[in-house]
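There are 2 protein chains.
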Amino acid sequence: MKGIRKIAPYIPGTQPNISGMIKINTNENPYPPSPKVSEILKNFKADKLKLYSSLDNQPLKEALAAKHNVLPEQLMIGNGSDEVLAFCFLAFFNSGDPILFPDITYGFYKVWADLFSIPFKEIPLNENFEIDFSDYNQINGGLIITNPNAPTGLFKTKNEIRELLKNHSDVIVILDEAYIEFAEDSMTSLLDEFPNLIIIHTLSKSQSLAGLRIGYAMGNPEYIAILESVKSSFNPYSVDMLAEALATAAIQDSEYYQKITGKICQTRDWFSQKIEESGFRSLPSQTNFVLISHDKVKMNELFQYLEEKNIFVRYFTKPERLKKFLRISIGTEEEMKRVAAVLANFVSK
Amino acid sequence: MKGIRKIAPYIPGTQPNISGMIKINTNENPYPPSPKVSEILKNFKADKLKLYSSLDNQPLKEALAAKHNVLPEQLMIGNGSDEVLAFCFLAFFNSGDPILFPDITYGFYKVWADLFSIPFKEIPLNENFEIDFSDYNQINGGLIITNPNAPTGLFKTKNEIRELLKNHSDVIVILDEAYIEFAEDSMTSLLDEFPNLIIIHTLSKSQSLAGLRIGYAMGNPEYIAILESVKSSFNPYSVDMLAEALATAAIQDSEYYQKITGKICQTRDWFSQKIEESGFRSLPSQTNFVLISHDKVKMNELFQYLEEKNIFVRYFTKPERLKKFLRISIGTEEEMKRVAAVLANFVSK
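Residue numbers (the working numbering), protein chains in the order written: chain E, 139 to 487; chain G, 139 to 487.
Read the hints as simulated data drawn from the structure, not as lab findings.
Warning: the hint list may mix true and false statements.
Copies of one chain are not kept apart here, so a pair can be met inside one copy or by any two copies together.
[Stated by the list, open to error] The list that follows gives simulated cross-link-like pairs (lysine-lysine, DSSO-like), each with its CA atoms no further than 27 Å apart:
#1 LYS397 / LYS174
#2 LYS461 / LYS401
#3 LYS161 / LYS188
#4 LYS259 / LYS461
#5 LYS447 / LYS186
#6 LYS296 / LYS401
#7 LYS296 / LYS140
#8 LYS475 / LYS461
#9 LYS144 / LYS296
#10 LYS259 / LYS205
#11 LYS436 / LYS487
#12 LYS186 / LYS475
#13 LYS397 / LYS183
#14 LYS248 / LYS144
#15 LYS304 / LYS144
#16 LYS144 / LYS259
#17 LYS397 / LYS186
#18 LYS205 / LYS188
#19 LYS436 / LYS456
#20 LYS248 / LYS180
#21 LYS412 / LYS397
#22 LYS205 / LYS161
#23 LYS188 / LYS174
#24 LYS205 / LYS461
With the hints as constraints, model all of the structure from the sequences given.
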């Protein structure tokens with residue numbers, strides 16, 4: 139057969155669904171979405187679904203514009219930040235020079251680069267698992283940086299990002315801020331200063347809407363228009379009518395989300411300290427997960443032990459130096475107390 | 139700025155939303171989705187949305203497999219048939235030879251070919267606006283045929299399609315059956331016989347779920363696996379949890395949909411005959427729309443006249459020979475009675 143793409147068969151990750159499990163493997167939010175989301179859902183008339191959704195997502199754009207103090211023309215909305223990022227790769231990384239990203243970061247950047255035949259170079263994190271921006275001073279076709287980075291949880295400050303944007307003013311720099319609401323500060327205030335900056339957010343983590351699929355890009359109107367054109371050339375209606383309505387309700391209820399985000403950060407900091415009692419260490423995280431290690435523990439064994447107790451966490455086998463870690467998403471206080479106890483129990487054996 | 143894609147700025151189509159309007163411009167279904175969809179929606183707990191949706195869409199695949207008498211492994215589900223088609227272009231059209239499709243057909247095929255730099259050739263419909271498959275006997279990298287075709291509404295029989303599949307056994311032949319439930323017969327029964335056949339369906343038209351975004355591909359498991367890999371390399375969770383639940387409910391209520399599909403076909407046939415009284419002709423449609431013409435009427439003028447009466451239909455300015463037509467989606471009986479009367483009125487002036 140002619141024309142069939144050569145592509146590695148994909149082995150889907152498992153999304154376990156066991157009653158009583160503690161699911162802390164994919165950085166989901168342990169708290170439900172805002173009660174306002176429930177309310178809109180309950181009152182949504184199914185009859186409306188017979189018509190196509192709006193092409194412009196105006197109500198959601200207005201809610202997001204108010205939240206981030208940007209203009210609606212600075213926003214492009216898609217089916218999860220994965221779709222938005224895929225469109226960004228198609229829209230902005232066409233120079234032929236390699237794009238740069240860390241060797242330890244969101245695993246999907248490499249997959250999109252492969253899919254679209256975009257050359258790329260992975261820049262190793264330093265020995266403290268930090269991104270060292272001086273390593274990026276080389277010819278490139280664009281940058282993509284997760285901030286805070288995943289799965290390390292480490293955050294780059296506004297001054298460091300400003301410097302980076304200045305040094306790479308001839309290419310698009312994408313900041314993937316998937317976990318930013320658990321961190322010090324978003325870089326949205328740099329948008330006016332740097333036209334080469336594109337910031338990506340998702341409602342999957344901080345807004346407890348992983349099952350709904352809403353992500354968005356913010357940037358200067360000229361480049362956002364290019365991004366909209368790519369979306370319109372691929373799947374113009376990818377944000378469905380229901381998802382848009384529920385996402386808008388979520389964004390408008392900032393009070394609720396501040397509350398649950400605060401709780402998660404508190405639990406994260408408590409958990410990081412607590413597990414030190416059993417000899418675990420964790421990188422200083424500004425996300426809703428922690429990357430933990432232990433001098434005397436084989437992480438693949440701990441991973442299996444946890445799974446037997448119906449506690450699902452994430453163990454990375456690649457790259458090599460991640461094998462010394464487990465990534466643990468932050469659940470509720472009760473869940474994390476139990477996890478800390480199980481970790482202590484494993485070490486004491 | 140380096141690396142920015144050169145792409146025509148997209149001018150979004152309008153989706154009018156005026157109280158009392160007759161919206162028959164985008165082939166939506168005039169009837170609401172199944173009451174079972176409403177029921178599932180009303181009882182859906184928003185709390186579930188905090189988790190990612192299933193990666194495998196198993197419940198929906200099982201419902202569709204039962205409906206079409208295929209195996210779940212023969213199905214790939216995406217965010218509307220637009221996304222599924224875009225993935226098909228990436229998965230199956232990589233030979234370097236031009237893919238072939240009619241010059242008058244779904245306008246998006248050309249857009250995807252452009253976006254992914256796939257060479258293509260548009261084969262003119264014959265003077266009766268029919269696809270002549272003998273024109274496709276030339277070197278090609280794959281075929282994509284809408285059946286029934288849009289915006290003509292004309293249907294190719296199973297014998298003609300079987301012949302086509304035999305003549306092009308070295309490439310993938312995609313049949314876009316977006317309107318098939320309003321036609322004689324789907325080609326799903328040919329799937330076992332022809333491994334090169336991929337069939338695309340959507341829930342936007344016949345299932346009254348345009349606002350929800352569900353489409354799917356059916357084919358042989360080997361090629362469906364390639365398609366799944368492409369999806370997983372682009373946006374693995376593009377089918378959200380709510381959309382999957384509602385779509386499954388719709389597919390399980392075949393009785394309701396047979397009823398409304400029957401009504402639409404009846405109204406279509408009545409309308410086609412009725413407007414002949416005012417001198418209009420229409421191509422024999424097996425879809426939920428008709429393409430109408432009139433020897434003495436300038437269609438752009440009629441289009442505007444209808445718009446003034448809050449009746450929204452579709453007028454194509456390209457290619458040239460479509461300017462003699464209007465495409466009218468089939469609404470409710472009452473709506474089409476009114477439209478027929480307005481058409482008669484325009485002619486009599």
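Going down the list of hints, with the structure as the test:
Taking CA atoms no more than 27 Å apart as the test, LYS397 paired with LYS174 passes inside one copy only; the shortest distance there is 14 Å, against 36 Å between copies. Within a single copy, LYS461 and LYS401 get their C-alpha atoms no closer than 29 Å, and across copies no closer than 62 Å, so neither meets the 27 Å cut-off. For a Cα distance limit of 27 Å, the shortest separation of LYS161 from LYS188 across copies, 12 Å, qualifies, whereas the shortest one inside one copy, 36 Å, does not. Proximity of LYS259 and LYS461 under a CA criterion of 27 Å is satisfied intra-copy only: 22 Å inside one chain copy versus 51 Å between copies.
Taking the shortest Cα distances, LYS447 and LYS186 sit within 27 Å of each other only across copies (23 Å), while inside one copy they are farther apart (45 Å). In the homo-oligomer, the alpha carbons of LYS296 and LYS401 lie at most 27 Å apart inside one protomer (25 Å), although the nearest pairing across protomers, at 61 Å, exceeds that limit. For the identical chains of this complex, LYS296 and LYS140 are inter-copy neighbours only, at 24 Å across copies versus 50 Å inside a copy, given an alpha-carbon limit of 27 Å. Taking the shortest Cα distances, LYS475 and LYS461 sit within 27 Å of each other inside one copy (24 Å), while across copies they are farther apart (70 Å).
In this assembly of identical chains, the alpha carbons of LYS144 and LYS296 never lie at most 27 Å apart, being 41 Å within a copy and 31 Å across copies at closest. For the identical chains of this complex, LYS259 and LYS205 are neighbours neither inside a copy (35 Å) nor across copies (47 Å), given an alpha-carbon limit of 27 Å. In this assembly of identical chains, LYS436 and LYS487 lie within 27 Å of each other by CA distance solely inside one copy; the values are 13 Å within and 86 Å between copies. Only between protomers do LYS186 and LYS475 lie at most 27 Å apart by alpha-carbon distance; the minimum there is 23 Å, versus 45 Å within a single protomer.
Proximity of LYS397 to LYS183 under the C-alpha cut-off of 27 Å is restricted to the inter-copy arrangement: shortest distance 21 Å between copies versus 30 Å within a copy. Taking identical chains as interchangeable, the C-alpha atoms of LYS248 and LYS144 lie at most 27 Å apart whether they share a chain (16 Å) or sit on different chains (23 Å). Only between protomers do LYS304 and LYS144 lie at most 27 Å apart by alpha-carbon distance; the minimum there is 24 Å, versus 39 Å within a single protomer. With identical chains, the CA atoms of LYS144 and LYS259 are at most 27 Å apart both within one copy (22 Å) and between copies (24 Å).
Taking the closest pair of Cα atoms, LYS397 and LYS186 come within 27 Å of each other only across two copies (19 Å); inside a single copy the shortest separation is 33 Å, beyond that limit. Taking identical chains as interchangeable, the C-alpha atoms of LYS205 and LYS188 lie at most 27 Å apart only when they sit on different chains, with a minimum of 21 Å there against 31 Å within one chain. Only within a single protomer do LYS436 and LYS456 lie at most 27 Å apart by alpha-carbon distance; the minimum there is 15 Å, versus 66 Å between protomers. For the identical chains of this complex, LYS248 and LYS180 are neighbours neither inside a copy (40 Å) nor across copies (40 Å), given an alpha-carbon limit of 27 Å.
For the homomeric pair LYS412 and LYS397, the shortest alpha-carbon distance inside one copy (22 Å) is at most 27 Å, but the shortest distance between copies (62 Å) is not. For the homomeric pair LYS205 and LYS161, neither the shortest alpha-carbon distance inside one copy (30 Å) nor that between copies (34 Å) is at most 27 Å. Taking the closest pair of Cα atoms, LYS188 and LYS174 come within 27 Å of each other both inside a single copy (24 Å) and across two copies (14 Å). Taking CA atoms no more than 27 Å apart as the test, LYS205 paired with LYS461 passes in neither setting, with 39 Å inside one copy and 46 Å between copies.
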